[in-house]
Amino acid sequence: MRRPKSSPKSLLDMQTAVQTLILGTAIGGVYALMGVGLNLIFGVMRVANFAHGALYMIGGYAAYYLTLATGAPMPVAVIGAMVVGGCVGYFVNAILLRPVYRSRLERPSEFTLIVTFALSLMATSAAAVFLTPNYRKFEGMWPDTITLFGFVSMSGDRAVAFVTALILLCALLWLVHFTDLGRGWRALTQNRMGADIVGVDVFRLANLAFATSGALAAAAGAVLVPLYLAYPTMGESVIVKSFVIVVLGGLGSIAGSLVGGFLLGWAEALGSVYIGSGYTDIYGLVIMLVVLLFLPRGLFGISEREV
Amino acid sequence: MITRPRRTEAAAKPSGRVPVDLVATGLRVAYERDVEILRGVEITAAARRISLVIGPNGAGKSTFLKAVAGLAPVTGGLVTLGGVDITRWRPRDLLAHGVALVPQNGTLFPAMTVRENLQMGGWLRRREKAWLGESIEAVVNRFNLPRHLVDRRAGDLSGGQQKLVEIMRSMIMTPTTLLLDEPTAGLSPKMASQVYEQIAALPGDLGVTVLLVDQNVRSSLAISDDVYVLAMGLNNDRGTARDITERLGEITAGWLRQGVSGAVKS
Amino acid sequence: MRSNPEKLKLLFAALAVVAAAALAYLIPSPTVLDAVVYFFYFLMLAASWNLLAGICGQMSFAHMAFCVTGAYVAASTANVLGLPMAAAVVVGALAAACAGLFVGIFTLRFRDITFSLATFAFAGVLTSWLIGASDITGGSNGMSAPPIFSGDQARAFVWLGLALSVVFFALQWLLLSSRWGILMRAVRDREPVARGLGVKATHLKVAVFAYTAFWAGLAGGYFAAYTEYVTPTMAGLENMGLVLGMVIVGGIGTVAGPVLGTLVFRFIDFFTRGYGGEYTVFTFALILLVTMLFLRDGAMGLITATLRRFRAPQERWHAAQPAAAPGATPES
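Protein chains in written order, with the numbering used here: chain A, 1 to 307; chain B, 308 to 573; chain C, 574 to 905.
Everything labelled a hint here was simulated from the structure, so no lab data went into it.
C-beta: ideal position from N, C-alpha, C; glycine also.
Please note that the accuracy of each hint is not assured.
Here chain A is said to cover these stretches of chain C; the calculated rule only asks that three of the stretch's residues, wherever they fall, bring their Cβ under 8 Å from a Cβ of chain A [stated by the list, open to error]:
id, segment
1, 647-653
2, 828-842
Only some residues are given here: those of chain A computed to face chain C with a beta carbon under 7 Å [as the list claims (entries may be wrong)]:
id, residue
3, MET122
4, ASP201
5, VAL202
6, ASP281
7, LEU285
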């Protein structure tokens, strides 16, 4: 990434840089929301959930149909989407991933990988089959453009998305650090065997982690519909980004994915302004590959303690 | 008579819990179909005593403990706790019935503080905050853990301290039986003797039945009451600690001979 | 030993090839011929991914990325340098192998999930780049490619596909019966142990990765020459899922598994094609999911289990003997 030159004569350049960083922060918040949810599952279960993008898509559609059917305002639609996403997440783990917890699988991580990958294919194609591949949109809470400091202009919906993401991130941090459930999750992340012998019910906690993660992904999908629309393949680029965030920040580290989300937001914003907007999806991936080369565990990676 | 109770969390209440014998009869374990690690082991851990299991490498000592704790695939035989069949129970259900396990490799949560680790020890009764606080306080006092360590990250403690915290954590639920797998593996002799000291006091102070598996034969013999010797997945010898200590040279010589014959056979 | 299973398997393989050749010769319908060409395209992809993931144990998500590399390089060398398409396809495959070598050196340092994620990310980078760099690659419109054959295109491609598949399976058979086969399985099942015994696991994995990338690239070139067109959608997540699914449904880690899986998929595609690609993907993903949940060894697992049940009792006695020998006590 090239840093913009901040010579005094180019105030305009400065303003562009600030505007870019603010836009990057705004989208970075939503990215962080996706990454944190994915990483929660990774930490608790040592599993990469390929269906995370599908949950994002489900959230977008759930919010769209809720507003369409009931005329509900956006906050209600987002909460509704979270409920739907949470339930889907819960049942995916409780029913489809049950063999991972309840029988002796030779390669549990491979099993989950394939099952969630199949699920994501199914969800995407089912959306195209049953909901048609059309783009859909509902009116956001704040469709006007807002102006900050006199020169930063940004769509109000983007601000709404950012604030929602921030609220949900805080709620998740509270859940993880100040409740028994969160303590159980952290225990599972840090030492699987230890959690087993103190009597943590892995299956139950994993179900709840999946539900939480699903709700967060659905919320991210729902708040972005007014900006990026809802369509069957909306989750595909998002899942790649979520993986980038998780690997960037370190597998299993909540703080890592927070940082990773914002880093990705900034990288994309700066890259598309200063390098070229055609390759937005690439910048994050390149950063991830570079980080992986030097820090194979990511920025905040926990040490793996396999038993 | 063997009964089969339901494995509910309700059993976690220690009220009226009396230390009872833990008995393994004809215990068999096989990870793969044809490869039996244990071939019918009989061991009784008598109530309020320290029972020690020793044996040469590959005798199945650790597997035995794992099998009792529900972490190894039991293919035959029974484990009973005071007449209750607990074969193949998960660690969670065992803990609810008063059987705690401290495995060989570290099982602390390294990024949590010692206090949080101890709180995790009371996971099954996590909703009873007052009880949990008292229990942690009691355990910290009982083991004389320096106060300033309580709010340290567990990963920052020394190896011996970590092992002690692990034992403390297993004591939060006031178990009647403690299964210990090589508690001093990788510790300095000084640290090891501290850990043994604490283990030796468990039956007398807390009325705990201890089943100890150890490589460190001499030190562990010094604190044990009953001793079982395993070899090649079978009972090889048994006796009181005094009896075995006297015949120790003869027994270990036997292990060496077996090792040689085993090597020749394969 | 009276019946030799190796000979029996060889007989089956020969029969399959003869049957496929006869079909290719006899089929009059261009739709069916078209479906057969697609079959060989996916068979090469599935079989080579099976070698990498099923036998060497490396769950790569970059296979379609190598396929598309082969296709693009073939098309562009033919267009720009004026190479005949057949030579260009080989160049494309070699380029894919080089890409595999390069990517493999970087990503195979990681194990299990991290490896999968890294290859996934590589595939993502490549796809976005193909769409983004429209001045070089033609963007999402893709790039046209010259044909290999003149005249009866489809039938010629069926023959070519059959020949390439036979070559692949013959080479795989040689590979698996050599030292390499054992090493690959050792790395899959117990990588730390294999390393401890002195297997250069990373070298082995990179070699296998590059070799399978070669076949993916060859399949890509084959397909590009047939359709005379390449687009970035070839590298999409969907196609990777289909290839993975074919291997799993057929039976991962077996030789015949990918063949069966590709057949199943081609039949579904043949009958759902009229409705649009989503239906095919949906049906196939459903089958993949059901396979994972209830039939983890795939169609081959089912066949093996059935065969075992119907085997002569005398042979069964032999098979059952070692398990009973050490005297497992009956459980009460």
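Results of checking the hints against the structure:
1. 647-653: violated (count 0)
2. 828-842: violated (count 0)
3. MET122: holds, 4 Å
4. ASP201: Since chain C brings no Cβ nearer than about 22 Å to ASP201 (chain A), farther than 7 Å, the hint is violated.
5. VAL202: violated, 18 Å
6. ASP281: holds, 4 Å
7. LEU285: holds, 4 Å
Hint check: violations occur at hints 1, 2, 4 and 5; the rest are consistent with the structure.
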